[in-house]
Amino acid sequence: MTLRHLLLFSGLIIGMSASTQTAHAATDWMNPLNNTTYTAPPDITSGTAGYVPFGDSFTTLGTSKLITQTAGGTTQNVGLAVTQAANNQNGAIWSKSPIFDLTKQHQSVSMNVLLQQSSLASGDGMTLALSGKKPSAPLTPGAQLGVWAGEYNSTNADTSDYLKAALPSSTIVTLDTHFDKTLDGKLPGNKTNQYIGLAYPGLANSYYFASNTNSTSTSDKYIGQINFNNVQTGMKKIPYSSGVYLASPASEPVWHNFDVVWDRDADNSGGTLTYRVSNTDKDQASGVSVNTVHWTNSDITTIFGTNNVYVGFTGSTSTTANEDAIVSFHSIPGTVNASGTVKLTKGTTAVTASTQLRPSDQLAYNYNVTYDNSSSANWPSANGQSLSIKLTKNKYFLPTSTHITVTYGDGSTGTATLATSRKDPATIILSGIKGFTKGTSGSIKFVIPMNVGPIDKTDLPITQSRTYSDDAGIIIGDNAQIHLQNTDTTATDPFSVGYTLFNTGLTYVPASPTLSQVPSLAFINLHSLISGGSANPSVIELSTGKFTSTDLPEFQNVNDLNDPTTGLATVDDQLVAMQSPDNEQAKLTVDSSATSKWRLAVSVSPFTSDAGPFSSHAHIAFFNTTGASADNSPVSYWPSNTAPVSVADNNQSTDIMNSDSAKLISSNTTPKAGFDVGAGSVLAILHFDDKMPLVQRGTYQSTAVWSLTVAP
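Under mature numbering (1 follows the signal peptide of the UniProt record, and there is no 0), residues -25 to -1, 1 to 687 are what the sequence shown spells out, in order.
Worth flagging that the hints you see were computed from the coordinates, not collected in a lab. Keep in mind that a hint or two might mislead.
[What the hints assert, rightly or not] The calculated EDC-like cross-link candidates involving lysine to aspartate or glutamate, where the alpha carbons are at most 20 angstroms apart (straight line), are:
#: 1; residue 1: Lys409; residue 2: Asp385
#: 2; residue 1: Lys572; residue 2: Asp630
#: 3; residue 1: Lys365; residue 2: Asp240
#: 4; residue 1: Lys409; residue 2: Asp468
#: 5; residue 1: Lys521; residue 2: Asp548
Produce the complete structure using the sequences and hints provided.
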């Protein structure tokens, strides 16, 4: 097991300052439409926008507009304004070609949707449509949303004329934000002002006809109503979700993740369409609406008349209700046709929502990503770029490695780097994954091993259990962000991973030694800083050999660190990296059982900067204190004070500690099982072999690779 961390020699910096850049600000995410800007979709990771730009893929009809962003002199399409918060909008946006291919094993369109009401009531909503025929103009506005047939009919038997107003050869998923007493009059259960549903506007089975007792005219003798029905199967199933919360006040815009995914049956007899909308409960923070329909090949012909369909968006507003209906994309079918799955296992057993996981259990997240040769673009788009994956896990799940072996479709392997988010311990990023080239098919497979760590009893009491659901993750490239799906067919949300934690209260004992944390070190002149001088060494100090030493400089106790007036003469000015235990990057932690044998080694690369490398080799020794400020509190060198080890910056691995020597270090708070300095501080001291008369100003960096090996 290895962990990498940057060593920073923060010296020789003269007249330099740091700067901060904020991307995707709410005021400049999109070029204004009618003097309106929109809050950007949430970033996927820090610095990674939650959307991808797209090319000349869509045609606007009616009042709908493409939304652009200008940066660095380049203008790109970044979103769609299906409607804006103005009266009597009627718009549609359609792909220029039939980009959704139902013959493929997998197709998807993934996006963010913002439904933001004005000072009026919300309405009328928007739809995502898949259609075998693309209209040349927006269809009926208002409650029909540009897809439904009329509100009234002269008969309850003959629908031929009635259906002429509907979007033909189509399936739509509607996000309806305004109740209409006619079309919405037969909604199941408790009628709400807002709902999500799937139906077939051009087919008669999507409607029910009720007598219009208030009319004496033959033209509106019957009221047409959408015939939602969740309990049927196949084309007879018209899914509906009530009680959802879609629109929001302009001061509290809410973006919804919206995925529409097609998975073909293994026997090629048909397939399943799944749609999922997030943030659908009233607290705007959670809740998902998920539903599926299954179609046979015959159903596909009946619905669309073809296997290759257009992707469109329709929407409208009225004189009494309006809203912004804004779409940005994670992925567009045809550009990157890719999919990914995750399977959580405990040993050889697949984990489901009901599977109990306990401290010290060994888990594995198994990932499989595929890329289809029908994609029109590389993924990522530019040569030399790599993919990354954002993964969500429980905060009690502890990765046992930060270097993950990735196996590619051609049989080659590579190493990706795993990092845990500083702000959110439940988020990990796997980076450095080789991308795909258009015109070829490819795959990626990898496994992330984890242990269930100790569970805080104030969070989950001992002998109690709780069921969790984590997002399955997203694969990130500059031109597509693909939402992973769980292979667990029992999951109610296929884009999540479910499990149950049970707190046994037993001591956490990893199955094998685990290197959980390593320190990140920045070297400064500590004595100078304490004395009121500069923390950064100067060019003169290095050129004259101030920090040159043939032997390891000696520290005996905290006096040598805290008070330069009482420190030993040989250590008054040394380059020390000191990390407080309050800093999450501070500690070195080896989790191990009492009987496990292990050794810890470090290799350090040569220090270098933009000005070039040091002309002299550097050496680093590691030690720690107990954290006490009292005089004479001891300092413990690694692996021992009597035989300290110095690591040269030559990329050669050097053992600095093992399971036996760790037990003898006075400040080790877990001497019977691993290593942890507890309340103490991890420190390192840096010195050089020789003077460096030609040294240049700069920030010199090195990478330390920490390797934990199970000893025989």
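Checked hints:
{"no.": "1", "hint": "Lys409 with Asp385", "result": "holds, 12 angstroms"}
{"no.": "2", "hint": "Lys572 with Asp630", "result": "holds, 14 angstroms"}
{"no.": "3", "hint": "Lys365 with Asp240", "result": "violated, 28 angstroms"}
{"no.": "4", "hint": "Lys409 with Asp468", "result": "violated, 29 angstroms"}
{"no.": "5", "hint": "Lys521 with Asp548", "result": "holds, 8 angstroms"}
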